[in-house]
Structures are given as structure tokens and as C-alpha cells.
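So the sequences go chain by chain: A and B.
Start counting the first sequence at 13; every next residue gets the next number (my numbering).
Start counting the second sequence at 13; every next residue gets the next number (my numbering).
Worth flagging that the hints you see were computed from the coordinates, not collected in a lab.
Think of the CB as a built atom: it goes at the ideal place given N, C-alpha and C, for glycine as much as any other residue.
Wrong hints could be hidden among the right ones.
Think about it this way: if two alpha-carbon atoms lie no more than 25 Å apart in a straight line, the pair counts; the simulated SDA-like pairs of lysine to any residue are [said to hold, decoys possible]:
#: 1; chain 1: B; residue 1: 211; chain 2: A; residue 2: 382
#: 2; chain 1: A; residue 1: 211; chain 2: B; residue 2: 349
#: 3; chain 1: B; residue 1: 245; chain 2: A; residue 2: 382
Coverage of chain B stretches by chain A, computed from C-beta distances (three or more under 8 Å per stretch; other residues unrestricted) [what the hints assert, rightly or not]:
#: 4; segment: 209-216
#: 5; segment: 223-235
Number of protein chains: 2
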Amino acid sequence: MLGQPIRAVTAGASLIADAVEAEQVRVDWRPPLETLRPDPETDRANQEAVSRILEAKPLWVGVGTALDIIPGMRPELLLHSGPPLRWEDASGPMRGALEGALRLEGLAAAELEPCHHHQAVGPMAGVISAGMPVVIVEDQASGRRAYSNLNEGLGKVLRYGANDDAVLERLRWMAQVLGPDLRRALEAGPIDLGAINQKALQMGDELHNRHRAATSMLFRELALRGLSAASMKFIDANEYFYLNLVMAAAKAACDAASGVPRSTLVTTMARNGTEFGVRISGASERWFTAPAVVPVGLFLGSYTQADANPDIGDSAITETYGLGGFAMAAAPAITRVVGGSAGTARDATLEMYEITLEENPNHQIPSLDFRGSPTGIDVRRIVETGIQPLINTGIAHKQAGVGQVGAGLVRAPVEPFLEAYRWHSSTSA
Amino acid sequence: MLGQPIRAVTAGASLIADAVEAEQVRVDWRPPLETLRPDPETDRANQEAVSRILEAKPLWVGVGTALDIIPGMRPELLLHSGPPLRWEDASGPMRGALEGALRLEGLAAAELEPCHHHQAVGPMAGVISAGMPVVIVEDQASGRRAYSNLNEGLGKVLRYGANDDAVLERLRWMAQVLGPDLRRALEAGPIDLGAINQKALQMGDELHNRHRAATSMLFRELALRGLSAASMKFIDANEYFYLNLVMAAAKAACDAASGVPRSTLVTTMARNGTEFGVRISGASERWFTAPAVVPVGLFLGSYTQADANPDIGDSAITETYGLGGFAMAAAPAITRVVGGSAGTARDATLEMYEITLEENPNHQIPSLDFRGSPTGIDVRRIVETGIQPLINTGIAHKQAGVGQVGAGLVRAPVEPFLEAYRWHSSTSA
Numbered sequence: 013m014l015g016q017p018i019r020a021v022t023a024g025a026s027l028i029a030d031a032v033e034a035e036q037v038r039v040d041w042r043p044p045l046e047t048l049r050p051d052p053e054t055d056r057a058n059q060e061a062v063s064r065i066l067e068a069k070p071l072w073v074g075v076g077t078a079l080d081i082i083p084g085m086r087p088e089l090l091l092h093s094g095p096p097l098r099w100e101d102a103s104g105p106m107r108g109a110l111e112g113a114l115r116l117e118g119l120a121a122a123e124l125e126p127c128h129h130h131q132a133v134g135p136m137a138g139v140i141s142a143g144m145p146v147v148i149v150e151d152q153a154s155g156r157r158a159y160s161n162l163n164e165g166l167g168k169v170l171r172y173g174a175n176d177d178a179v180l181e182r183l184r185w186m187a188q189v190l191g192p193d194l195r196r197a198l199e200a201g202p203i204d205l206g207a208i209n210q211k212a213l214q215m216g217d218e219l220h221n222r223h224r225a226a227t228s229m230l231f232r233e234l235a236l237r238g239l240s241a242a243s244m245k246f247i248d249a250n251e252y253f254y255l256n257l258v259m260a261a262a263k264a265a266c267d268a269a270s271g272v273p274r275s276t277l278v279t280t281m282a283r284n285g286t287e288f289g290v291r292i293s294g295a296s297e298r299w300f301t302a303p304a305v306v307p308v309g310l311f312l313g314s315y316t317q318a319d320a321n322p323d324i325g326d327s328a329i330t331e332t333y334g335l336g337g338f339a340m341a342a343a344p345a346i347t348r349v350v351g352g353s354a355g356t357a358r359d360a361t362l363e364m365y366e367i368t369l370e371e372n373p374n375h376q377i378p379s380l381d382f383r384g385s386p387t388g389i390d391v392r393r394i395v396e397t398g399i400q401p402l403i404n405t406g407i408a409h410k411q412a413g414v415g416q417v418g419a420g421l422v423r424a425p426v427e428p429f430l431e432a433y434r435w436h437s438s439t440s441a
Numbered sequence: 013m014l015g016q017p018i019r020a021v022t023a024g025a026s027l028i029a030d031a032v033e034a035e036q037v038r039v040d041w042r043p044p045l046e047t048l049r050p051d052p053e054t055d056r057a058n059q060e061a062v063s064r065i066l067e068a069k070p071l072w073v074g075v076g077t078a079l080d081i082i083p084g085m086r087p088e089l090l091l092h093s094g095p096p097l098r099w100e101d102a103s104g105p106m107r108g109a110l111e112g113a114l115r116l117e118g119l120a121a122a123e124l125e126p127c128h129h130h131q132a133v134g135p136m137a138g139v140i141s142a143g144m145p146v147v148i149v150e151d152q153a154s155g156r157r158a159y160s161n162l163n164e165g166l167g168k169v170l171r172y173g174a175n176d177d178a179v180l181e182r183l184r185w186m187a188q189v190l191g192p193d194l195r196r197a198l199e200a201g202p203i204d205l206g207a208i209n210q211k212a213l214q215m216g217d218e219l220h221n222r223h224r225a226a227t228s229m230l231f232r233e234l235a236l237r238g239l240s241a242a243s244m245k246f247i248d249a250n251e252y253f254y255l256n257l258v259m260a261a262a263k264a265a266c267d268a269a270s271g272v273p274r275s276t277l278v279t280t281m282a283r284n285g286t287e288f289g290v291r292i293s294g295a296s297e298r299w300f301t302a303p304a305v306v307p308v309g310l311f312l313g314s315y316t317q318a319d320a321n322p323d324i325g326d327s328a329i330t331e332t333y334g335l336g337g338f339a340m341a342a343a344p345a346i347t348r349v350v351g352g353s354a355g356t357a358r359d360a361t362l363e364m365y366e367i368t369l370e371e372n373p374n375h376q377i378p379s380l381d382f383r384g385s386p387t388g389i390d391v392r393r394i395v396e397t398g399i400q401p402l403i404n405t406g407i408a409h410k411q412a413g414v415g416q417v418g419a420g421l422v423r424a425p426v427e428p429f430l431e432a433y434r435w436h437s438s439t440s441a
């Protein structure tokens, strides 16, 4: 069965496919093993791995230039979202972003490597070039650091594949003004992102596509530190400003959980616009991939589903950390952005408890009487239940240069998780 | 039956009394008329009255000193919350606040009049003296203005009856620094409170005892206008700062609905710590009163229900406007402050639809798929259903000088609504 092409599987509870105008292909998928054999060694490994995620205390500790800050960064290197990608395989928005970054850096060509190979994450195309300002987030519990670029706003922006002069001008301003302003503000001490995440979930954010509360709380903190009027105005106009910070927080927490032998905990879900990649703790740096699926959602202006690029971005690190699609019960208003109803948002979270190991007390959901968000995806549970992780996401136009066309929901393709499980089984002691 | 003393009636759906440790008295109350006779004239009057509430567009237009701004204000006058009150009938926290205001103004004695008689509202004791800074809110639709003082924060504050030197020092700083700072910020133009209210309901505020989102959005706006660091710090430390603004907004909207002949729409619910007062549109300035009830709730530190003063404050103007207890479905996290669960918060809103005329499209509740909050209480529906308005509220210590001891829920006593209905019936054409 795994040899067959599967574009978008909505087996298991199909609530989201029911809730929005779904083009997703429904197949009568059944897991290869109805019940897995008991495996106490893996159970113990998973408990160790997930405990590191639950214990994470992410702090925003600084801002710097990618070349100076990101391990292994080089002037002629462009980082991108998702698993490894060749230039010739890049989708439209990824090509648009890469070409824009070349012009921004004055390069004729560059090598490509995933953000995830450099302790970094970037939303959508996720392109980070040497001169870009990046945030430094540290998990106080593990000491791990993670990095992300600064959020540009919505619409015609580099991460959605737009690359005209206005896009590059904004990026230059961000490097020359916003980044240094933020660096100075951070010199007064770290900002506790864990505390903001907890509060934001009580204020209707799910922290993948709704950041109004988190951005507001961050704004308050930065204003009290004397951020310049121009930088305050920029952040005030961009409700997604917090996205890149919560992504770096999630990356630091998930990296802390990586490398536990025998653990089947998912530590990475990331898409490059062509492929969807998964990594699990016990397999460390190894990627398991499948073709990326096209999200189903709500579209801006006259754009339609036909304009949508396949799923793209490292931002699924938020779901990997138990936020975003996994925390939608906290954010019924997100349905205005990604589709569905308050009921489907709530059901999405309830369903994700079926494939996760723990409930994170740092991410409490008031509408579920402060139950912790479903955290720590176990590939074994995906295999047993057939439930695929639910991701909410921005949608890029499939052609280079256009930008954002909508936002919606997508189920992770099941194959990478099955492959990860097979790898795990094949390497048993 | 109406001659009997009724302390707290929880007839009708008794969900809140079930949800918290209730001392409230359950009586098998039945309305005097099971079904009221059709009354198209009153129906039309109510539609006119409630349409004015729905059309209200509250703007924060300025800040000034009470003596200069509030109609009829005099140096030797103290305004207070609720219906008219004599000094000798004042409860502990009201006496504490009045005595503090006398010291603040350097007065030996003063006259008392309700805030509501001067287009004003104040939370808890609601004491406004001539030298206090007040906010000016205007309903753009009707041109009506309403006023409130500035919020001091929580704990030992004048409005909860505390009046030591630290309390008065803070009030002096608010008059000397905060008020003028805010006045300057408002000179750049009005701030749209209606837009903040709508967004805040999508961010987990119900806008009576949860204002974190609204205060954050207000902070953003004021920071962009160059508010001083000291004033920003004060507002940042007080998640209730927005309360007095939403109260003034509600007051302007409800005043716009007052004075429609034959209307049974409730335009005021207000408590002075001794009595609970109600006014209806068709009876304009006439008060219908009953003894105030003791709220049931959650207590700070070692305080208990036995320390609680009877219900106090003009802040029930938020419920009169369809917010607070009426909008609790938007704010499941409020249960950590006032008691109950996410389910009871949701059920509270659903119940209030039974006694209201409309759903306010300016106050949409995402968890109810953006249904407008229940707005426009009709005393006829209270009489028909036996359902009493639900108010969530801060709780003051019953002794003067102590301050806040908790927060909780209270049902409005039924008698004032019955009296208003009898007055309405007795004045039929």
C-alpha cells in the first residue's frame, strides 16, 4: 500500500476535511499494524524526550546578524525551510524568495541548506541570508539556542515568494533599523517567551496563525524598554511579528528532545514547498520525507484554491511543540483565517491528544478548563490510529513573486511517519 | 410574595449557583405572570431603544478634571456608585472611599450624589471628587458623552474602600502626571473603543473583570502616541486599566437608549454597596431598588466569603451593555478569577440570550461562531422567565479601609425588575 501515491490522506477523524471546502483525497487508509507490540524501551525513551519539551523555558536573549550568529553561516549560503532541497526542485514561492535573497545580498549564486541544519527555522520559504538580522532564543532548561529571522508582515513579502523592490527595501530597513533597535532593547535582559506563550493561549492565540495577543504583550515589553517609534510602529502594524519568536522557542525545545536513542517522538515537521520532512528523536538528523500536500483554506481577494502552492515552511515546528493546529481549541477566532468553526477548532485539539504523549502545563487551554495542549507526537500513535497531525498554515501563490494568497489547514502526509516507524522497527536491538 | 425578603434568588437556570460555593438562597420563585399579554407598543419602543445601543460607536475623546468636565460637578460634591445613598446608609467600603476622597480634597464634609446623575460611572465605590482626572467618552452615533475616573489598579485602592496614605499618594500622582499625560495623548485624536471592545472579545476578555487584551491594545495605541515612560509603566502594571473606559462606553450607549416612552429596556444596573438599583428606558431617571446581594466567588489570601461586602459599583453597566457576565462565553479564563468552569461561562451567556432583545454584532463571541453578545435586557423577559441578570464583579471587604478581597458572581435581585414591570403596567395608556 505504501507504494501507492497518496496526495492527502484524511482517514481517521475527518473533521477538518468536513469543515472546509476540501479537495483533499479521502482514502480508506488503515495502519499497517492495528496494534503495535508493547515496547517499554521506546516508552522510556519517549518519556525522556518529551520531558525535555515540557521542561523547556524559552527566553528571547538577543538579536544579531545571521553571519555572526548562526552556526555554520557563510556569505554565499542561503538557508531555506523544510528538508534539503535542490535549486531545480524549488517551487515557485521558494524560487521567488531565493532569488530575492540573492539580489538582497548581491550574489549571482549561492548554496542551499535547510535552516534546520543550522539550529534555525524560518516561516514559509524560510530564506535566511548572511546579512539578515536574526533572533536568538535560548531554552533555559537545556541551554540550547535556536534562531529565526524577523517577521516582515503579511501580503507581498519575501517568505511568500514576493521579491520586488518594495520587498527588498523593507528587508534593508529591517537590517539597518529594526534589528539594531531590537538588539538594544534586548540588552536590558531576556524576554520570557514561555510566559508570553502561556498568556497568549488564554487570549485567543494558537501561536501559528494568530499572534495578536502575543505580539501585543511583546510590544508592551519592548515599548517599556524604549524601542524607537519607527520600530514600534512596524511591530504594531504586524500581528504576525511574534511568529518567528515562537518558532525559535519551539525549535529550541524540540532540539532539546532530539537524540534520545530509541525514541519515536517527532522533533521536526517542516516543508520546503516541494517535500514534507519529519525527524524523530531516536534518528536525530535523519529526514523522512514525502511530497508536500496543498493546504485547503480561505483565500484573499480573487485568489482561489487553484493558486495555492503545496505546503511550505518551518512553522510546523509550532505544531511539533503542541501549538498551532494542536492548540486551536484556544483560538476559535482563527477559523476566520483558516476556515472551520469553533466546534472543529475544539475537535482538532481533542483529536491531537490521540497522537501525543503529554499535556503541556505551560500551554493551558482555558476552554478545555486549562488542560495542557497536546504535546509530543509519537509516530507509533499515528501508525496505530491513522490520525495525521493537523497543521494550520499560510498559503503562498504557486508562482514566484506573487506572495500570500490565503491561509488554511493541512494534514501532514502519513508516509514520513510510517517510514520513521519502519526505520525504528528495523533498528530494534 | 413580593413583600417577602429575598436575599438572592437563583430560580430559573441555577448554573452559576451550582458552579461555585454558593451561599445564595434558592427559592422556588415563579413569576407573577407566566405569560405576559402581547404588547406591540412596548415591542416597538424596545426596538427603538435597543437599536440605539446596537448603533453606539464609543470613542475615547479626551481627559480632563472632574470639576471642569462633569456636568453639575461642584467642589464640595462627591459622586458615588449606584442609586442615591445617604451617608448613614453607606457600607464599609463606600465609607472608606468617601472618607479617603474627603482627605484627598481637603474637605470636612461633602454632599453625595450618584455618578449616574452626572453622566458618569465609577467602579466599586465609584467615588469621583472634583480634583480627579476623568475620561471623556462619546457615542459617535448619538453624540452622548459619558465620564469615568481613571483606574487605580487592584488591591488596596480607593474604589475598594482603602484610603491610607499610599492610596491617596497614588491618586495625587494620577491627577498630576497620568491624567495630563493621557490628555496630551488624546489630543492626537480619539481612540475607537468600539473597535477595541470587538477585538478584546476575540482575545478572551469579557470586559468586566478581564481586560488584559483591551488594556494591551490601548497600551499599544498610547505608546505610539508617545505616552511618558512613567504612565506606560503604570498602565502596563494594571490589567484593569481599560475597565473605566469600557464602563464609560457602556454608559454612553445605555444613556442613548434612555427616555423612549413605553420601553421596558434596562438602561442601568448599579449598586452602591447597600442597594441595587435599576432604571428602564421608559421611566428615564426613576430608580427601582432592592437590598444589594453578597457576591459569591474566589477570595484572595486568607479572606473568605464572610469578609465580603454586598455588591457594589456602577460596573454592572457592562452587563447592561451585553458584556461582563453576559459575554463570559468569550472569556473562559475569567473562571480563574470569578469561579466556575468553561462550561458554566458558556452557559451563562447562552442563558442571558433568554432575557435580552438582540445580539450585538459589534460584540461577537468566537466560541459561539461569532454570535453577537446578548444585549438589551427586557424586564418583561425577566418576569416571564424568572432568569435574573448575571453579573461578575470584584468583591470589597465589608470594613472600611481594607480593600479588595476577591471576585465572583452575583445574580441581580429580582425585585427591582418586578417593580419596574409593575410601574410600566400601571402607567399603561
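Original post:
Which of the numbered hints are not met once you compare them with the structure shown?
Top reply: Violated: hint 3 alone.
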